[in-house]
Amino acid sequence: MQLLTVSQLNVYLRDLLDADDLLRDVWVAGEISSFSRHFSGHCYFTLKEGEAQIGAVMWKSTASRLATLPVNGEAVLAHGRVAFYEVRGQVQLYVDMLRPAGMGLLQAQFERLKERLAAEGLFDPSRKRPLPLLPHRIGIVTSPTGAALQDMLNILRRRYPLAEVIFAPCRVQGAGAADTIIDALYALYEIGVDVIIVARGGGAAEDLWTFNDEQVARAVFASPVPVVSGVGHETDTTIIDFVADVRAPTPSAAAELVSPDIAELTDDIAQMRNRLGAAMTQRLANARETVARLKLHLDLRSPESRIRRDRQRIDEFIRRATTTVERRITLARARLDGERGRLEALSPLATLERGYAVVQSSQGTLITDASQVAPDESIEIVVRRGHFRARVEPQSPADSTANDWKKQIQT
Amino acid sequence: MTRTIEPAPGDEYEMLYSRLQQIVEQLESGDLPLAQALALYEEGVATAEACQRLLDHAALRVRTLMDGGDRSPAVTETDA
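The listed protein sequences derive, respectively, from chains A and B. Once you know that position 157 of the first sequence is 906 in our numbering, the rest is easy, because the numbers rise by one and skip nothing. Once you know that position 19 of the second sequence is 97 in our numbering, the rest is easy, because the numbers rise by one and skip nothing.
It should be emphasised that the hints constitute simulated quantities derived from the structure, not laboratory data. Don't take every hint at face value.
[Said to hold, decoys possible] Partial list, computed: chain A residues near chain B (C-beta under 10 Å):
id, residue
1, Leu883
2, Ile889
3, Arg906
4, Ala912
5, Asp943
6, Asp1017
7, Ala1019
8, Arg1022
9, Arg1024
10, Ala1027
11, Gln1031
12, Leu1033
Glycine residues also receive a C-beta, built at the ideal position from the N, C-alpha and C atoms.
So that you can see chain A by itself, here it is in the shape it has in the complex (with noise of 0.2 Å):
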């Protein structure tokens, strides 16, 4: 047992409010009473339900957001958190929002669902798929009967006629409605397309409703290809425009998203034609260089070209051994004048020159002494030019012998 002042209780009691996770933010569905507004700006009231009853306060900065004040008797949904008013010993309601009940309470209720899936990660940004560059099957859901339909198929059939698309009608608001459109949507998981689109013509807020629907969130989050939304006008939000792969804003939108551009197809065959012609060119152009050149190598390598080289070879050799044989030649020749010279100094017939003769035996013996001579015989006298026979006279006394025409000649 513990003895506290006053104000250590209400310090005790404001922190236990405080740590409270739940009424740090909570919706409260009450009717006003006993409104006031203070000159400074802030409001005070009490939210009745019954019997029950307490203290709100709305300060100026959120009284001053408000399209309207609230008047007494007025249905409300507030939202804010409780704490404990220490100097007047209170629990109170501090309000940051607060809504008319009815429209306020489906809002509520979507703003409580929004938060949830987007805790659960239906919302999470790294899970949306890319849409398909050409989707063959494009499924539709949506109403057989609204202008949606007609309008997406009509902005279909002039950009991509080339798909097909599988229609999954399913009504759009109403009870049960939401049943249809997650049967729709599981009958086009089940038969595969490509891309589902989801779409309503706009409608009153509550007409949208439908498409709020935890279940419809939740079967759009379990669609094996992407989803796009197109729900309502510009300016609605529904819950599956959070859970789409992507949210287009109005249902013509969502079918000029899924659809790529027949006219810019057409342009893409066009440039590939282009790429093709230019692609063909280049290469023949390359072909044609590619000869040029070969040619080229042919011709240097060609064995007329080495023969010509070769011939231009074998006359340079030629020229050489010309020029060294008659270099030879010229020096052959001057030797053999020189010996030819030589030679002829030496001959007898040089002697004959000065005027001597030879004198031979009628058989051509050289005769060198008188003895080998007798009387008559006849002779041979060879002279430089030319040659005559001669008789050996008979012996005189004055004929002396060899010695003695030596001793002759030397007096």
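Keeping the supplied structure of chain A fixed, place chain B upon it in accordance with the hints.
Coordinates of chain B only, in the frame set by chain A:
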């Protein structure tokens, strides 16, 4: 009541178009033998024409799944 769906025109188009892309890239790589390049070129031109023909003659096909009470998809063809 059929459960199988025959190929959509888009299947054929995509097949032809990706073949066309393949041919163009192969031809642009530039190191093919001339005879092969010529054959590819001819095939490319024919493929491009086939693609264009598909686009020119395409008519959006719409099939409607009928609610058979269960989730089995029944298909009927309707005029687009």
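Hints broken by the structure, by number, lowest first?
The structure breaks none of the hints.
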